[in-house]
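K.L.:
The chain contents come next:
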Amino acid sequence: MSERFEERVSAALAVRAGDGAEVAGMADGARARLRSRRRTTATVLAAAVAVAAVPTVLALTGPSPDAAPGPGGPITSAPDPTPSLDTDPAPAGQRIESWRNLTALVPDVWTYGGGTDWCAADGNDQAPQVVRPEGVVRAIGCTPQNGYGLYFGDGSTISWARESGDVWQYRWADEDQVEVYPEDAWLGLFLAGDHYVMVVTPDEATTREVLGSVRVLRGDDPNGCAVRDGSDAAQGDGERWSLCRYGADGWLRESLLLSEADTASFREAVSAAPLKEHSEPCGDQPGVEPAGHVRAGSGGDLGGLTVVFEGSCPAENGIYLSGTSRELTEDVMRWVLMPGWSGSLIASVPVPQEPGSDR
Amino acid sequence: MVPDDAPAFDEWVTARGPALLRLARVLTGDDILAEDVVQEALSRALPRWSRISRVADPYAYVRRMVVNEHTSWWRRFRRRESPVAEPVGPEVAAPPPSGGEDHDRIWAACRRLPEVQRTAVVLRFYEQLEYAEIAELTGVREGSVRSRVSRGLAALRQDLGQESGERHE
Chain R
543 MSERFEERVS AALAVRAGDG AEVAGMADGA RARLRSRRRT TATVLAAAVA VAAVPTVLAL
603 TGPSPDAAPG PGGPITSAPD PTPSLDTDPA PAGQRIESWR NLTALVPDVW TYGGGTDWCA
663 ADGNDQAPQV VRPEGVVRAI GCTPQNGYGL YFGDGSTISW ARESGDVWQY RWADEDQVEV
723 YPEDAWLGLF LAGDHYVMVV TPDEATTREV LGSVRVLRGD DPNGCAVRDG SDAAQGDGER
783 WSLCRYGADG WLRESLLLSE ADTASFREAV SAAPLKEHSE PCGDQPGVEP AGHVRAGSGG
843 DLGGLTVVFE GSCPAENGIY LSGTSRELTE DVMRWVLMPG WSGSLIASVP VPQEPGSDR
Chain B
60 MVPDDAPAFD EWVTARGPAL LRLARVLTGD DILAEDVVQE ALSRALPRWS RISRVADPYA
120 YVRRMVVNEH TSWWRRFRRR ESPVAEPVGP EVAAPPPSGG EDHDRIWAAC RRLPEVQRTA
180 VVLRFYEQLE YAEIAELTGV REGSVRSRVS RGLAALRQDL GQESGERHE
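Chains as they are written, first to last, in the working numbering: chain R, 543 to 901; chain B, 60 to 228.
I should point out that these hints are in silico values taken from the structure, not numbers from a laboratory. Mixed in with the good hints, there may be bad ones.
Claimed, not checked - FRET-style restraints, in silico, Cβ to Cβ: (1) B/Gly159 with R/Ile888: 50 to 60 angstroms; (2) B/Asp116 with R/Glu819: 23 to 33 angstroms; (3) B/Asp69 with R/Val722: 44 to 54 angstroms; (4) B/Arg75 with R/Ala574: 32 to 42 angstroms; (5) R/Pro816 with B/Arg75: 39 to 49 angstroms; (6) B/Ala191 with R/Arg760: 35 to 45 angstroms.
Stated by the list, open to error - Not the full set, but computed from the structure, chain R residues with beta-carbon under 10 angstroms of chain B: (7) Ser544; (8) Val551; (9) Ser890.
Stated by the list, open to error - Non-contacting residues of chain R with respect to chain B, defined by C-beta distances greater than 12 angstroms in every case (computed): (10) Arg713; (11) Pro724; (12) Ser801; (13) Asp804; (14) Ala815.
Idealized CB from N, CA, C, for every residue including glycine.
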């Protein structure tokens, strides 16, 4: 009888799914959608005064990438970060995620988050996410406090009860006052000086695999982005451009290596952006840090450019390349608002149109 | 670079897109939303197509993206609503499905299931996946999947029994 009911459910779902499905134009629609990539949950950060024009000099703070690691555990050397012309830097089914001087390989289907997504979900139904400190909003009363995924972080103020490389199963009653991670989740920890990576998945094998991919960077990450900001930070790979997002502190926050086709589309978007008109200078704003920005290019200044979009003053935001300044456009913003970005934008910054009214 | 024998993106979408769209219909309960979910997943697959086309089962890979995209949409939608005791679906009328009255009633009951249970039920009884496959696809433990399917079926039976006054087994 139970099987018969299940058969009825199967039949009802099959009828509802329908026989035909019109997919004409869907591939083209996907291409158009690629340029209007939706954002994940946005949290509010303090926007800062931007620095502009090439060459750009930013106030760099933070530890030197060559500094000796702290007592966090074994440090593995970085693999050759130069991507091949013929192959993608990441294996099939995986993608590269970098933050500061750390890089890891995660399953390609993992999403991005760090806000209240987990808290809105029911139990363990959330797809694992890559979480960066800039995107985290601590949801009070959320249980568990964090979901599955990979967490980058600054552990300089944390007293670790574990060592780098440890993998263990989480039982919150044994470890914390509140449920920090899903019960029975498998956790893996990587420590490198003040920085850490925490991997949280439902099974041990996946945790070990992701944790085992974590590396400390000494130069460029596999997507061609320098660990520390500079005018030649985006190295790319031949005809493929790197998109490298840097924080106000000069540390790498996120990287992407565009395909040749995407690089061409991005360059078209930049070329189509109007030249900046004269606008009121921003003036000095004491106590305000430089804004984060994106470097893009392939091989230093040749073709490289800087996109500033988190400035609190309109005159600071724009596209800067070889002495020319262009206005931000929606098309350009679709590229520089990278999947792991979270932040606030002033009203004059064009926001890519969200697909669909329900979003 | 895509190997010579790897399917081009457009060709693959023509061949397998209909199956993805049908799955999305039963996941979302809405034809327009189903197309939106599939297009979004395809837009994410496109820049990685050279890699995806080389995996052993590209359809399974993109299907997982569709399921994740649906889950992401549902969470965003629910956050915009006032908290309620039971999660409800979007206020978009789905076209009446063809088929008998029994199919209509069962589908209506499916739409009343909590989202996580409906997703598990759809993947189990429409997509005909094993529990382990559903677990891998949704990123949860197999035990959780079994629990969701079991609770979902129990909820359907109760819903249909209350609706008709009869007890279905």
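K.L.:
Compare the structure with each hint and give your call.
P.N.:
Okay, the hints, checked on the actual structure:
Distance hint check for B/Gly159 and R/Ile888: the Cβ-Cβ separation is about 57 angstroms, which falls inside the suggested range of 50 to 60 angstroms. Remark: the range hint 23 to 33 angstroms for B/Asp116 to R/Glu819 is contradicted by a beta-carbon distance near 53 angstroms. Remark: the range hint 44 to 54 angstroms for B/Asp69 to R/Val722 is upheld by a beta-carbon distance near 46 angstroms. A hinted range of 32 to 42 angstroms for the beta carbons of B/Arg75 and R/Ala574 is inconsistent with their spacing of about 20 angstroms.
Judged by the Cβ atoms, the range 39 to 49 angstroms given for R/Pro816 and B/Arg75 holds: they are separated by roughly 41 angstroms. Between B/Ala191 and R/Arg760 the beta carbons are some 40 angstroms apart, a value that agrees with the proposed interval 35 to 45 angstroms. At a threshold of 10 angstroms, the smallest CB-CB gap from R/Ser544 to chain B is about 7 angstroms, leaving the interface hint in force. At about 5 angstroms, the closest approach between the beta carbon of R/Val551 and any beta carbon in chain B falls short of 10 angstroms, and the interface hint on this residue holds.
With its C-beta approaching chain B no nearer than about 26 angstroms, R/Ser890 sits outside the 10 angstroms limit, and its interface hint is violated. Residue-level check passed: R/Arg713 sits 15 angstroms from the nearest beta carbon of chain B, beyond 12 angstroms. Some Cβ of chain B comes within 12 angstroms of the Cβ of R/Pro724; the nearest lies about 9 angstroms off, and the non-interface call is violated. The beta carbon of R/Ser801 sits about 6 angstroms from the closest Cβ of chain B, which is not more than 12 angstroms, so the claim that it is off the interface is violated.
The Cβ of R/Asp804 does not lie farther than 12 angstroms from every Cβ of chain B; its closest approach is about 6 angstroms, which violates its non-interface assignment. Listed as outside the interface, R/Ala815 is consistent with that label: its C-beta sits roughly 22 angstroms from the nearest C-beta of chain B, beyond the 12 angstroms cut-off.
The structure does not agree with the numbered hints 2, 4, 9, 11, 12, 13 stated previously, though it agrees with the rest.
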